[in-house]
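Go ahead and model the full structure; you've got the sequences and the hints to work with.
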Amino acid sequence: NAGVTQTPKFRILKIGQSMTLQCTQDMNHNYMYWYRQDPGMGLKLIYYSVGAGITDKGEVPNGYNVSRSTTEDFPLRLELAAPSQTSVYFCASSIWGGYTFGSGTRLTVV
Amino acid sequence: GDSVTQMEGPVTLSEEAFLTINCTYTATGYPSLFWYVQYPGEGLQLLLKATKADDKGSNKGFEATYRKETTSFHLEKGSVQVSDSAVYFCALIMNYGGSQGNLIFGKGTKLSVKP
Numbered sequence: 132n133a134g135v136t137q138t139p140k141f142r143i144l145k146i147g148q149s150m151t152l153q154c155t156q157d158m159n160h161n162y163m164y165w166y167r168q169d170p171g172m173g174l175k176l177i178y179y180s181v182g183a184g185i186t187d188k189g190e191v192p193n194g195y196n197v198s199r200s201t202t203e204d205f206p207l208r209l210e211l212a213a214p215s216q217t218s219v220y221f222c223a224s225s226i227w228g229g230y231t232f233g234s235g236t237r238l239t240v241v
Numbered sequence: 025g026d027s028v029t030q031m032e033g034p035v036t037l038s039e040e041a042f043l044t045i046n047c048t049y050t051a052t053g054y055p056s057l058f059w060y061v062q063y064p065g066e067g068l069q070l071l072l073k074a075t076k077a078d079d080k081g082s083n084k085g086f087e088a089t090y091r092k093e094t095t096s097f098h099l100e101k102g103s104v105q106v107s108d109s110a111v112y113f114c115a116l117i118m119n120y121g122g123s124q125g126n127l128i129f130g131k132g133t134k135l136s137v138k139p
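So the protein lines, in turn, are chains Z and E.
First residue of the first sequence: 132, per the numbering used here; consecutive thereafter.
First residue of the second sequence: 25, per the numbering used here; consecutive thereafter.
Note that these hints are calculated values from the structure, not bench results.
Hints are supplied without guarantee of correctness; some may be wrong.
Taking lysine-lysine pairs in the DSS-like style, the calculated list, with each CA pair at most 30 angstroms apart, reads [said to hold, decoys possible]:
hint : chain 1 : residue 1 : chain 2 : residue 2
1    : Z       : 140       : E       : 134
2    : E       : 76        : Z       : 175
3    : Z       : 140       : Z       : 175
A few chain Z positions that, by computed beta-carbon distances, are all more than 10 angstroms from chain E [stated by the list, open to error]:
hint : residue
4    : 143
5    : 185
6    : 208
7    : 210
8    : 214
9    : 217
10   : 225
11   : 229
12   : 233
13   : 234
If you want the ones that stay clear, here's a sample from chain E, every Cβ over 12 angstroms from chain Z, calculated [what the hints assert, rightly or not]:
hint : residue
14   : 32
15   : 33
16   : 51
17   : 62
18   : 77
19   : 80
20   : 82
21   : 84
22   : 95
23   : 103
24   : 109
25   : 119
26   : 126
Every residue, glycine too, gets a C-beta built ideally from N, C-alpha and C.
In structure tokens:
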């Protein structure tokens, strides 16, 4: 089982550039999430989705966008990268409280 | 709003020492409680969970008991190993009848175990 797969694992962006963080799960979970992890701050929810075609904002959505066209995929889009978006990003999927996390994408904006 | 507070780290212990990481929560109802572990360079993995008061979650020698009266879910292990070095996150999910809320995390506690 692949579980939750995130790509890329590392990326360096220049200020103002755009990119998409990919997330795919093969467990047929309806719920999917994007978190960012900053040092000493735990994980903060950016966006989540309860099923294909449905997305909603989490705690820190500014500067990000998401889409959920299929059950499997939940990409996170950064349109105009800023240094404040330097972080480690985790995608997760869940069913009835059982979360599975991807291995993360380490993003640096310079 | 609902929140999780856990003891700040880092925590440094010698091998075979006893571990306690404190976790308390604030919630408007009766959440399910979790401990997640993050090893260096990896994502989060579920360590254990408890879904109702007085439940004890256990895994890999770690234990935590859901205490409604003290709103706590402290993580314990009787004898830590070097391989337990990681960041530990306490978390909760609110249950709303037929649907679930989102996972709410504490800030994490870094544990370092020295040989």
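Holds or violated: are the alpha carbons of residue 140 of chain Z and residue 175 of chain Z at most 30 angstroms from each other?
holds (19 angstroms)
Any Cβ of chain E at or closer than 10 angstroms to residue 234 of chain Z, or is the non-interface label fine?
Violated, because the least Cβ-Cβ distance between residue 234 of chain Z and chain E comes to about 5 angstroms, which does not exceed 10 angstroms.
Given the hint that residue 140 of chain Z pairs with residue 134 of chain E, test it: the Cα-Cα distance must not exceed 30 angstroms.
It holds: about 22 angstroms lies between the C-alpha atoms, which stays within 30 angstroms.
For residue 95 of chain E, is the shortest CB-to-CB distance to chain Z above 12 angstroms, so the non-interface label stands?
holds (18 angstroms)
Consistency of the no-contact label for residue 51 of chain E, given chain Z and a CB cut of 12 angstroms
holds (14 angstroms)
Once the closest CB in chain E is found, is it more than 10 angstroms from residue 210 of chain Z?
Nearest chain E Cβ is 24 angstroms from residue 210 of chain Z, so the label holds.
Run the C-beta distances from residue 126 of chain E to all of chain Z and say if the shortest one exceeds 12 angstroms.
The claim breaks: residue 126 of chain E does not keep its Cβ more than 12 angstroms from every Cβ of chain Z (closest is about 6 angstroms).
Minimum Cβ separation between residue 82 of chain E and chain Z greater than 12 angstroms?
It holds; residue 82 of chain E is separated from chain Z by about 17 angstroms at its closest Cβ, greater than 12 angstroms.
Any Cβ of chain E at or closer than 10 angstroms to residue 208 of chain Z, or is the non-interface label fine?
Check passes; 20 angstroms lies beyond 10 angstroms.
No chain Z beta carbon within 12 angstroms of residue 33 of chain E's:
Given that some Cβ of chain Z is not farther than 12 angstroms from that of residue 33 of chain E, nearest at about 9 angstroms, it is violated.
Minimum Cβ distance from residue 109 of chain E to chain Z greater than 12 angstroms, as the annotation requires:
holds (17 angstroms)
Was residue 84 of chain E rightly flagged as not at the interface, with every chain Z Cβ beyond 12 angstroms?
With a cut-off of 12 angstroms, residue 84 of chain E remains clear of chain Z, as the shortest Cβ separation is near 17 angstroms.
Hint compliance for this structure: hints 10, 11, 12, 13, 14, 15, 17, 25 and 26 are broken, all remaining hints hold.
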